[in-house]
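Here are the chains, one letter per residue:
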Amino acid sequence: MPISSLCEQPESLEVVSVAIGHWAVATAPARIRTLLGSCVGVVLYDRVAHVGGLAHIVLPAARGAVDHPGKYADTAIPALITDLERRLGTKVRPRLIAKLAGGASMFQVNPQANSALHIGQRNQEAIEQLLAELRIPILARDLGGTAGRRLTLDTASGIVTIKVPGGADYEI
Amino acid sequence: MAAILTDAQRHLLRMIFDRGAEGASLALSKWLGAEVHLTVSDLELVELDRAGELLGPPDALVAAGAMGLTGPLTGSILLVFEDRSGLALVDLLLHQPLGTTTAWGELEQSAARETTNIVGCAYVNALAAHLPGLGRGSELGELVPTPPAFLHEFAGSLLEFALMEQALELDQVLVIRSEFTGGQPGLNLNWTLLFIPSRAALETLRALLAPFESRGNP
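Chains A and B supply the protein sequences, listed in that same order.
One rule links them: number in our numbering = place in the first sequence (from 1) + 234.
Position 126 of the second sequence, counting from 1, maps to 124 under our numbering, and the rest follow consecutively.
Warning: the hint list may mix true and false statements.
Chain A regions said to be covered by chain B (calculated; three or more residues, Cβ under 8 Å) [what the hints assert, rightly or not]:
hint : segment
1    : 253 to 261
2    : 269 to 276
3    : 389 to 396
These are computed hints drawn from the structure, not numbers from a lab.
Just so you know, these numbers come straight off a predicted model, no measurement behind them.
Backbone N, C-alpha and C define an ideal beta-carbon position, used for all residues, glycine too.
Using the sequences and the accompanying hints, generate a full structural model.
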């Protein structure tokens, strides 16, 4: 079973939830949603077809691991593009735009876990480099900070809405 | 990467945490002035992609006291309160009717931090007492908790932060969960204590528990 099918819902459902280390694709009027902490959410959106996808990325590089492609930036983003192209039956990469959110550092309760503390920044750098190589423009970023985020992509408009705990929704 | 603990090692670890729960129950009951019991409900291996649901709906707002562990066993201890039942903690401490406190102000956050400190230290003491090599003056060094921090977060985001260190190399994460029950009528303690060891701590636990596997009792 492809990993993406674990989190992809029938389109009759309004909201598709994406678990950590997975990705999903949906067509308007569906929305795609995920909860982010240190991980980075990568939204790819086709403004012509009103189809979008979201990958919830945990780590920058798979380094040969093949079991969980949605966990790593260098395997999740190509897989997400493949799923978008499969959905539309055509090459969409030149039409895609990207939006990024997440990569926070919530709390430093374990000073010895430095690798985990800086993973958000490393993820961001790897994702931005990969998108640059794929010539996919990044139209918005909402990265870093110390709070978690709820990210929602509206596939009808391409608008990404962010909510932080105790705060009002805002769009990127 | 080797498997996370064997079944026998997990069983032994659970026995140690049961003792930690006994100590924490006594300390917490004294602190709150009301009878409260902690029980270890799960010592579970969770697939990373399901971990965000450990505390219920991932987008539910929760309050939490978070402590880190330094020394030979690193990791995190989280005392997580469902928003409303967490505020009951303050009512208990201030001897006021349940439902009086309605928001997480500075006093309420301080109460959550101190309660986390009391419960977390009871578990840390149990680990130090029953796992050889973790006590004061041991070769591995002393197990020392950090001061607790208060967090008001989405449940899914909180778990993602806490589990990230394990997720760097593992596709399953080990979580030890304790639940609370109160003896006072009308007191709904929807609180959860999570102990989340780091990858290095899993290796250390494996080594420390290995000599006891054949005996079955640390």
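Verification of the hints:
1. 253 to 261: holds (count 4)
2. 269 to 276: Satisfied; 5 residues make the cut.
3. 389 to 396: Coverage by chain B is violated here, the residue count being 0 at a Cβ distance below 8 Å.
Comparing the model with each numbered hint stated earlier shows that hint 3 is the single one that does not hold.
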